[in-house]
Amino acid sequence: MYEKVLLQELKAIVDIRKAPFETVYIGGGNPGLASLTALTEILEMIHSLGTPKELSIEMNPESLHGGHAQLFEQGLSRLSIGIESLAVNHLRTLGRHATRETNLRAMNLANEFHKSYPIQLNFDLMTCIPGQTIADALSDIDTLIDLSAPEHISLYNLTVEEGTILAKEVANGTLQVIDEDQQAEMLSACWAHLAQLGYNQYEISNFSTTAATRCKHNERYWRLQDYIGIGPSAAGTIGNIRATSDATIETYRRAPSFASYTLETMDRLTLMNEQLLMGLRTTDGIDKEAWLARYGVNFDQLCEAEIAFLEQQDPVLIHNTENNFALTSSGFMVLDAIVLKLSQALV
Amino acid sequence: MAKDSRVIRNFCIIAHIDHGKSTLADRFIDKAKLVSTRGPLQQQMLDNMDIERERGITIKSQAVTIPYKAHDGQVYELNLVDTPGHVDFSYEVSRAISSCEGALLLIDAAQGVEAQTLANMYMAMELNLEIIPVINKIDLPSADIEACLHQIDHDLGLDTDLTAYVSAKTGQGIDELFETIVRHIPAPKGDTKAPLRALIFDSHYDAYRGVIIHFRVFDGVIKEGQEITFFSTDAEHIVEEVGIFQMGLVRTQHLNAGDVGYLIAGIKTISDIRVGDTITDTQRPCKSPLPGFKEVKPVVFSSIYPVDSNDYEELQEAIDRLKLNDASLIYEKDSSAALGFGFRCGFLGMLHLEVVQERIEREFGLSIVFTSPSVRYKVYMKDGEILEIDNPLSYPDPMHVDYAEEPYIQAEIITPATYVGNIINLCIEKRGVQTAMNYLDAKRVELIYEMPLAEVLFEFYDRLKSVSRGYASFDYHVIGYQTTDLVRLDILVNSEPVDALSQLVFKDNAPLRARQVCQSLKNEIPRQMFKIALQGAVGGTIIARETINAFRKDVTAKCYGGDISRKRKLLEKQKEGKKRMKMVGNVEIPQQAFLAVLKTTDSKN
Ligand SMILES: Nc1nc2c(ncn2[C@@H]2O[C@H](COP(=O)(O)OP(=O)(O)O)[C@@H](O)[C@H]2O)c(=O)[nH]1
Ligand SMILES: [Mg+2]
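Taken in order, these protein sequences are the chains called F and P. What the first sequence shows, in our numbering, is residues 190 to 536, in sequence order. What the second sequence shows, in our numbering, is residues 7 to 611, in sequence order.
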């Protein structure tokens, strides 16, 4: 592990910082593998500046254990577990180590913590896994809610990213992705089901029981607010500066001190592209007033032709009010194309 | 020093493709090499262009002078005039052949007589050449010399006693062939004292020296400093240099009646000269030109567009450069709503078109799109006007059209009898009318068809090869125009016509063509946010239809802090890619779609 380096890096930040962190997310990879001592130390350092509004940790189900209880004593306020699926064959397809049993065990344990501490729970689920049916996907949602009634669910549709093992299996024919029309159906079915069970979609893949239980940390990303990240290949953004760590896990571990960061100054156009990319993921969409204040142009005027084009489409893709430009459920389904379309107006 | 024309032999090699013309020429050159002091030779050195070597097809005529000491002790000067090996260039072939007194008719011992063997032989006979049958590839285990001899006697009506037996590959029989050439091909006749009369049979462009004319002197003498006139254009020039072809150009300062060689006369572009033209002396001109001259006219037309509209100027430069060495390539500016600016080009045939395409892509590194090749139609208007139209975009309102005519060819096909049925069906499908069917022997049949040239451009050659398992051979020549039922097929994308995809087609073929185009568009245009209707239409009538459904799902599942940069860069890349798409209404059409649609035409024939 690279705990030592990470702690050094965090300490350096804490040393120069005065205000408490607004939100903290301990994630990326599987922090469940970190030692309790290291995690305790991290929490202590964070709290030395004051109590954040949200302090999350994510973990793989097989890593969660009773000993983690002490972290909640120390003010950890949110636990997120990557369940992904409750079907063993789907887990295998995803290359997960967990089984249905490990997943159920983790959910029960999380439930215990939930009862004993004032924390919020999130579970990640995956849909559109090759071989998965709509019924499979809905049943995973039901089981999850029955067992642990989390405040928050992240529901992702499987994306085959270039360069992954999955992509290789698809390319060589060992794995057959679900066709696009079926994926759309499965995704809508899940969205509708979650809505019915009281989970509101506030971002393409994120659902919460109330506005208060949204993931505040992730909302910062979607709003293009400042954040800092530490650890191998972490990224942070302050204003128009993006810092991306060049370290891999290997080099980070060996690094005697901080990882090296690549700094990028983002111009207005770049930021506008990112704002579209992130903002349109949420039901709040683009805040037109904030857009005007930040970029000095009127959003409706800037994207007039593109908005007109989108307005002509059937079904209704956008929800354009005086203050906000957001996508409908149908719009979410084709988000990437809409972003690309609108971004063509940005020059 | 005037040399005796009795020691000169001018000859060419004619053959069906792959029967070994280039290989045999190599053996001759080996011979010439023995007396040459120049550097090492390339394989098949008469085929100078990469593409010629790769495709094994000679595109330009070449010539070489070979000194040969015969058994009689005399040193002869053998002028080998190599000829293009493809029907697209048959006029050039005829001019090269007419520069000779004799022809070696090469026959592959394993294949026997094929379509081009016959076509070339008739051409040589018309020009009164002495024909020496040469059976090649006798080293092959499958060589059937008896059958070839029978064909030479029976199908070709030639003297079998004269036949030479060679292996161009091993060199076997080559010396005997030299003797046969010396003994049986007549020395050139011609009057050195008469006014100059010389035939241009080819030319090439040299970046340093300009146009180099390949020619044969029939009468008189040509020498450096002389004032010459080209008969067809009346253009006058001063001869700067005269010489013969050996391993390169060898200056001789003058050439006499009977000689074959080159001349340089300060001519800047190849378009200033005409293959088949007669060169004469300006001060003492000959009375009449040599026979057989004609203006070569392109028969296939297509527009070339750069894939990236920014490359238009590079494309212009590339075509200009090709034109320097290819007088038969004609072009003018063209523009399309879908593809931007480009060039309308005329070609001698599909091979010529492909060679130009390959050279632009390979030698100039440009990505280009060719629109669907078209023949040139004659459109007779009701008001009596006659339009010659090869560009679908110029096709007039059918209301005002009385009728149209399209070019026809005579196709000569030789096939093993087993495939006659298949081939007849194919020819009928291609609107062919049979004019003759001859059994060459018990197993082989010659079929003569008249059919529209346009049909030969679309899948004919590949289909012929496939229905005959590769055994049928094919040759054709244009014979004139015949009435046709012509329509313009338009392709509409969400009701917007895409001009670059319009085609002029025979009415009955329109539905099938329309379906093919719509299907290949469907395969190439990605789903978009809305449904796309692809239609083929003639006039107002829709004759084919395909639909591309709107995409249902296009969404990245996860995007958090660590993903932003990567996703944004991807977005920027996609934005860039969009610039290379062609917009038709709201529909984005990738360049690939145009290529795929236009790829449905035939190749390689
Ligand atoms: N075995 C054998 N192959 C030959 C002979 N002459 C030519 N070939 C081969 O036949 C093919 C066609 O020859 P080429 O000279 O390119 O034919 P062209 O199209 O008439 O110019 C090549 O693969 C040659 O190597 C020969 O005498 N014997
Ligand atoms: Mg050849």
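Simulated from the structure, these hints should not be mistaken for laboratory data. Built from N, CA and C at the ideal position, the CB exists for glycine as well. Hints may contain errors.
Below, a sample of chain P positions facing chain F; criterion: calculated Cβ distance under 7 Å [to be verified]:
{"hint": "1", "residue": "R382"}
{"hint": "2", "residue": "N428"}
{"hint": "3", "residue": "N431"}
{"hint": "4", "residue": "M535"}
{"hint": "5", "residue": "K559"}
{"hint": "6", "residue": "A563"}
{"hint": "7", "residue": "G568"}
{"hint": "8", "residue": "R574"}
{"hint": "9", "residue": "L576"}
Hint check results:
no., hint, in the structure
1, R382, "violated, 42 Å"
2, N428, "violated, 36 Å"
3, N431, "violated, 39 Å"
4, M535, "holds, 5 Å"
5, K559, "holds, 4 Å"
6, A563, "holds, 4 Å"
7, G568, "holds, 5 Å"
8, R574, "holds, 5 Å"
9, L576, "violated, 9 Å"
Hint violations for this structure: numbers 1, 2, 3 and 9, all remaining hints satisfied.
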